[in-house]
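In order, the protein sequences belong to chains A and B. If you count by our numbering, then the first sequence holds residues 1 to 395, one letter each, in order. If you count by our numbering, then the second sequence holds residues 396 to 468, one letter each, in order.
A few of these clues could be false.
Restricting the straight-line Cα-Cα distance to at most 30 Å, the calculated cross-link-like pairs of lysine-lysine (DSSO-like) are [said to hold, decoys possible]:
#1 A:K164 x B:K404
#2 B:K404 x A:K58
#3 A:K58 x A:K164
Some chain A residues close to chain B (C-beta under 10 Å, calculated; not the full set) [claimed, not checked]:
#4 D54
#5 G65
#6 F105
#7 L107
#8 D162
#9 H247
Keep in mind the hints are simulated off the structure, nothing from the lab. Backbone N, C-alpha and C fix where the C-beta goes; we use that ideal spot for every residue, glycine too.
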Amino acid sequence: MDLDPLLLSRIQFAFVIAFHIIFPAFTIGLAAWLATIEGMRLATGDPVYRRVFDFWLKVFALSFGMGVVTGIVMAFQFGTNWSVLSERTGSIQGPLLGYEAFTGFLLEATFFGVMLLGRERVPPWFYFLSCCMVSLGTMVSSFWILCNNSWMQVPLGHVVVDGKFVPDDWWAITTGPIVRVRWPHMLFACFLTTGMSVAATGAWFLLRRTYSEEGRVMLRWGLGLVAVIIPVQMFFGHLNGLYVLKHQPAKFAAIEARWQTQQPASEVLIAIPDESAQRNLFALEVPRLGSFIASGTWDAREIGLDAFPPEDRPPVFVPFWTFRLMVGMGLVMLAVSWFGTWLRFRGRLETTRWYLWATFVSFPPASSPCWRAGSPPRSAASPGWFTACCAPRMR
Amino acid sequence: VVYGLLRTKDAVTPSLVTADVMFSLLAYIAVYAVIYSFGLYYIYRVLRDGPAVEVSAALPGVARAGAIRGGGQ
C-alpha cells in the first residue's frame, strides 16, 4: 500500500474520530450522571451529593470543551477529503448533521450555561431541569449521529437521482431497524464508560484515604449503575450482532474470522487471522458454538469469507481483534461490577483494598475501549468503531 | 462508505494530492497532541484535587484534614 490521498484521508479521519469520540462518550454519560446526582440531592437534601456534583461538573466542563474542540475539524473533512461523498449523500447526511446541531447541541449548550453559572441564580427545580435538558441534549445529539452512521451502514429510505442519494422516507432513515438497536448500544456504552470512571475515581479517593465520604458515594453509584446496565448492554450488543449478520454478512464473517462456510460452524475464540493465507494461526475454537451464537441452533450453516469475491472481502485482523477487545472489556466490567455489588452486600466494599485497586485500574482499559466498542462514529474509531466501520470502509 | 452502494475509494475528493493530505494529517496530529496534553492534564488535576474543600469544610463533625492537605495547590 503506497501513501496515496485515499489512505492518508482514511488515516486522518480515523485519527480525528478516534480521539474525538472519547470525550463525547464520556460527556454523554457524565451529563446523565450529573442529572441523577442533582436529582438525588433534591430528593434527599444530603450535602455530599452537592460536593460530588460540583466535582464532576468541573470534569464535565473540561470534557465538553475537549469534545467540541476535537470534533470541529471532523466536519471539515467531509468537504476537504470526502467531497464526493458529501456531494452524493449531502441531501441525507447534511440534514442529519444539521438536526444534530439545531436540536441536540443547542439544547445542550444553552442549558450548560445555566449549569455552570446559574446555581445561585435560578430556583433549584430549574437548575435540576437544566441538568436534565443538558443530558437530553447529549442524547438527542448522539441519536442524529447514529442515524447518520446507521444509514451509511444499511442505507434505506432513499432514492437515487442522477447518482445522488435523495431522501425518500425520513421515518425509515430516523427510526429504521438499525438505528433502533445501535443508538441504545451507544448510549449504554457511554453510561458504562462514565460509570466505570466514576467508580474508579471513588476507588482512587478511598485508596488515598481522602475524601472518603464522596469516594464512597462515587464508588457505590458507579458500580451500581454499571452492574445494572451491563446485562442490558450485552443484550443490545447481541441485537447489533444480529443486524450485522443479516445486513453485512461479509463483515460478520470477518469478525468471526470464518474463512470457510461451515455447517455446523465453530466459534473462533482466539486466533491470529492471516489475511494473505486466508486462514487462522493458533486458532482456539469451540465446535458448534458459532452456529449457536449466530442462529440460535447448534447445527446451522454459517457462511464464511469464501462466499464473497476477493474484492468484496473486508479486512479480518482488525475487526476480529477489536470485537474481541470490546467483548473482553464488557466481561471485565461485568466481573468488576457484580463482584463489587457482592462485596457491598457483605459490607466489605470499601475495605477490600485489592478490589479497590482492581476497580481503579480497570477504569482506563474497561471504560475506554468498551464505549468505543459500542460507539459508532463515521469512519472507524476505537475498537467497536473499528469493528463497525472497518469492514465496509477499508477495502 | 455507503454500504453496498458507494465505495470509500470512490468517495474521496478527486483533486486531493498526497502532499496536502500528508500536511493536514501531520498538522492535525500536532494540534491534537497539544490539545490533549493540556486537556488531560487539567482533567487529571481536577480529579486529583478532589471535591471542593470550602463546601466540605463547612460541614461540622467531619474530619477533613486529609482533604484540605490533598486539595492544596
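Item to check | Violated hints - listed by number, lowest first | outcome: Hints 2, 3, 6, 7 and 8 contradicted; others consistent.
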